[in-house]
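S.K.: Here are the chains, one letter per residue:
2 protein chains.
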Amino acid sequence: MRAVVMHAPGDVRTDEVAKAAVVEPTDAVIRVTAACICGSDLWPYRGIENVDRPSPMGHEYIGVVEEIGDEVKDIAVGDLVVGSFVASDNTCEICQAGFQSRCVHQVMMGAIGTQADYARIPLADGTLVKVPGTPTAAQTKSLLAASDVLGTGWFAAVAAEAGPGKTVAVVGDGAVGLLGILAAKRLGAERIIAMSRHTDRQDLATQFGATDIVEERGEEGIARIKELTGGYGAHSTIEAVGTQESMAQAIGATRPGGHVGYVGVSHGVELQGQDLFFATVSLLGGPAPVRRFLPELIDLIMTDQIDPGVVFDLELPIERAAEGYKAMDERRATKVLLTL
Amino acid sequence: MRAVVMHAPGDVRTDEVAKAAVVEPTDAVIRVTAACICGSDLWPYRGIENVDRPSPMGHEYIGVVEEIGDEVKDIAVGDLVVGSFVASDNTCEICQAGFQSRCVHQVMMGAIGTQADYARIPLADGTLVKVPGTPTAAQTKSLLAASDVLGTGWFAAVAAEAGPGKTVAVVGDGAVGLLGILAAKRLGAERIIAMSRHTDRQDLATQFGATDIVEERGEEGIARIKELTGGYGAHSTIEAVGTQESMAQAIGATRPGGHVGYVGVSHGVELQGQDLFFATVSLLGGPAPVRRFLPELIDLIMTDQIDPGVVFDLELPIERAAEGYKAMDERRATKVLLTL
Numbered sequence: 001m002r003a004v005v006m007h008a009p010g011d012v013r014t015d016e017v018a019k020a021a022v023v024e025p026t027d028a029v030i031r032v033t034a035a036c037i038c039g040s041d042l043w044p045y046r047g048i049e050n051v052d053r054p055s056p057m058g059h060e061y062i063g064v065v066e067e068i069g070d071e072v073k074d075i076a077v078g079d080l081v082v083g084s085f086v087a088s089d090n091t092c093e094i095c096q097a098g099f100q101s102r103c104v105h106q107v108m109m110g111a112i113g114t115q116a117d118y119a120r121i122p123l124a125d126g127t128l129v130k131v132p133g134t135p136t137a138a139q140t141k142s143l144l145a146a147s148d149v150l151g152t153g154w155f156a157a158v159a160a161e162a163g164p165g166k167t168v169a170v171v172g173d174g175a176v177g178l179l180g181i182l183a184a185k186r187l188g189a190e191r192i193i194a195m196s197r198h199t200d201r202q203d204l205a206t207q208f209g210a211t212d213i214v215e216e217r218g219e220e221g222i223a224r225i226k227e228l229t230g231g232y233g234a235h236s237t238i239e240a241v242g243t244q245e246s247m248a249q250a251i252g253a254t255r256p257g258g259h260v261g262y263v264g265v266s267h268g269v270e271l272q273g274q275d276l277f278f279a280t281v282s283l284l285g286g287p288a289p290v291r292r293f294l295p296e297l298i299d300l301i302m303t304d305q306i307d308p309g310v311v312f313d314l315e316l317p318i319e320r321a322a323e324g325y326k327a328m329d330e331r332r333a334t335k336v337l338l339t340l
Numbered sequence: 001m002r003a004v005v006m007h008a009p010g011d012v013r014t015d016e017v018a019k020a021a022v023v024e025p026t027d028a029v030i031r032v033t034a035a036c037i038c039g040s041d042l043w044p045y046r047g048i049e050n051v052d053r054p055s056p057m058g059h060e061y062i063g064v065v066e067e068i069g070d071e072v073k074d075i076a077v078g079d080l081v082v083g084s085f086v087a088s089d090n091t092c093e094i095c096q097a098g099f100q101s102r103c104v105h106q107v108m109m110g111a112i113g114t115q116a117d118y119a120r121i122p123l124a125d126g127t128l129v130k131v132p133g134t135p136t137a138a139q140t141k142s143l144l145a146a147s148d149v150l151g152t153g154w155f156a157a158v159a160a161e162a163g164p165g166k167t168v169a170v171v172g173d174g175a176v177g178l179l180g181i182l183a184a185k186r187l188g189a190e191r192i193i194a195m196s197r198h199t200d201r202q203d204l205a206t207q208f209g210a211t212d213i214v215e216e217r218g219e220e221g222i223a224r225i226k227e228l229t230g231g232y233g234a235h236s237t238i239e240a241v242g243t244q245e246s247m248a249q250a251i252g253a254t255r256p257g258g259h260v261g262y263v264g265v266s267h268g269v270e271l272q273g274q275d276l277f278f279a280t281v282s283l284l285g286g287p288a289p290v291r292r293f294l295p296e297l298i299d300l301i302m303t304d305q306i307d308p309g310v311v312f313d314l315e316l317p318i319e320r321a322a323e324g325y326k327a328m329d330e331r332r333a334t335k336v337l338l339t340l
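Sequences listed follow chains A and B, in order. With the numbering used here, the residue at position 19 of the first sequence is 19, and numbering never jumps. With the numbering used here, the residue at position 209 of the second sequence is 209, and numbering never jumps.
Hints may contain errors.
Each pair of labels, with its calculated beta carbon distance range [claimed, not checked]: (1) A:R320 to B:E190: 32 to 40 Å; (2) B:E227 to A:A21: 18 to 26 Å; (3) A:N50 to B:R53: 48 to 56 Å; (4) B:E220 to A:R320: 15 to 23 Å; (5) A:Q274 to B:E227: 27 to 35 Å; (6) B:E245 to A:R320: 49 to 57 Å; (7) B:Q274 to A:D15: 28 to 36 Å; (8) A:D11 to B:V104: 50 to 58 Å; (9) A:P295 to B:E220: 38 to 46 Å.
If you're looking for bench data, these hints aren't it; they were derived computationally from the structure. Backbone N, C-alpha and C fix where the C-beta goes; we use that ideal spot for every residue, glycine too.
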């Protein structure tokens, strides 16, 4: 089968590899019908994360179940399914509390790779959610987005306690930040301030529900958010980048007693305890428990209440995956869909 | 009037100073009827915080209103009152959201000093809460505790989302940690694990509601908490120390999706973003908004439902304040009450 493999930073190839197969009796194998490239795939691409050996890429997926292990009960061959970027049993206390991304049996799908013709999905009953009916092309894109970027943006908005009467600031205008705006709007936020300098992303932010755009960054960006909020700062801030600067901006833009939901994979961030202490904001972040939200997100998508799939602005056949990585690295594309 | 003044680390004296007076029209002056020494007073005493010049000490108080400014409306001369260690207007959006310790007009009482015969209380209407009836000697001690250590422990328990069905771990066995146990119990926690090595404090912890004692610290302490909680970790953890070790212990002892309420004044703490990201716990801490809880706490105390005043295990006249500092520094006393 074809699979995208990163051989070194900047060196991504579509290789021919052994077909995915059931290994554990709780596994399923799906025929991937669409995959995509994630902002987090750029960390190794840019050499910020090590690439020790050729690594299978991709952790977002929609597909049709091809084969199931002996212990799989709830998912059947032929089902159209979506799952999160973390496989989870969905039964342990951590899963039951809604934190499936930290399941005691968690398997990171990125270590398996879903930018491929087929993918092995561990803990299939816990991980996969069946899609009812037959999605349109637009719905298929949105379902693929639900697998990570939508689910992650949604978690960030929930973690930031976005809701009625709230002013939400969003740091980061990648796919996750943009879909955090969609989530905040859907959760009833009164005002949504997108921090973005790119006109195409500003447009999408506005389309998803942003009421204000702030182009300033760092201390200036914080000052502007305070100016827009009567000097107080945002009630809720979504952080969707993962750098020292973006975390400082998110915490600084939030009023005391407010909430920061941070989902940008943290790279080189150090928080001073004393700054955090006197900021007096709630911090919740980490790998998003997308599985918690999938049933609701699938329903919202299949009933055309949300259209997160519009974040895909470049579509390439899997053979040309390398071009997709390059386009995202150079910010010529927000989110690249790979067809199979 | 007499006032406790720190002249240098380790050098605390009871000096004769000018009597407190109304400065702003929103001030009140109270005759302090009891004051006390706080664990946080030990930071400068130990030289961990600078003492640039002679500094008035104390930020906890109960007293009788002696004089009010022209704009004070809700508090009258003769009222017996308790207030928080942060003066607040109680009307700004931050106060209204329950974060009075970060009021836009906040005044830290520690900068004014309440280990004295009289104290100026800024923003009297917002800061002070009238005590109904005449407290007994035991109730007076408890009301004094409400001013900081009880209110702070209570906030920590609320921030950690202690409640029915929850297992709460408590890092720190000073007065705040101990009263965090009392708060967690009162909030309905099912199981409360006190981390303590001192038998006298373990006894008080048990009296306040601790169901388990863990003597191990650091990684061993974390392992023990996990062992006691089916491998998951605590749902809720109260951090009441403020060091790198105690924060690491608190975060490590908490299960993914759990909550850490941290109220130990942070000294030299640095949190690695990546560790925090993958811990996936909620963090909320800072100077406790004691004012939020005061009406409820005063009611619980005056109806003898809680007895936090038992944390005071040494009572000294204000002239002998220096002995009290020494006793707390040497851990011979948990909490020292100063009589006037």
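S.K.: Next step is simple, just say for each hint if it's right about the structure.
M.R.: A quick look at each hint next to the structure:
1. A:R320 to B:E190: 32 to 40 Å: 56 Å Cβ-Cβ, so the 32 to 40 Å window is violated.
2. B:E227 to A:A21: 18 to 26 Å: About 38 Å separates the Cβ atoms of E227 of chain B and A21 of chain A, which means 18 to 26 Å is violated.
3. A:N50 to B:R53: 48 to 56 Å: Roughly 52 Å apart at Cβ, these two residues keep to the hinted range, so it holds.
4. B:E220 to A:R320: 15 to 23 Å: violated, 53 Å
5. A:Q274 to B:E227: 27 to 35 Å: About 33 Å separates the Cβ atoms of Q274 of chain A and E227 of chain B, which means 27 to 35 Å holds.
6. B:E245 to A:R320: 49 to 57 Å: Holds - the Cβ-Cβ distance for E245 of chain B and R320 of chain A, about 52 Å, lies within 49 to 57 Å.
7. B:Q274 to A:D15: 28 to 36 Å: holds, 30 Å
8. A:D11 to B:V104: 50 to 58 Å: Since D11 of chain A and V104 of chain B have Cβ atoms about 53 Å apart, the given range 50 to 58 Å holds.
9. A:P295 to B:E220: 38 to 46 Å: Hint holds: Cβ distance 41 Å, inside 38 to 46 Å.
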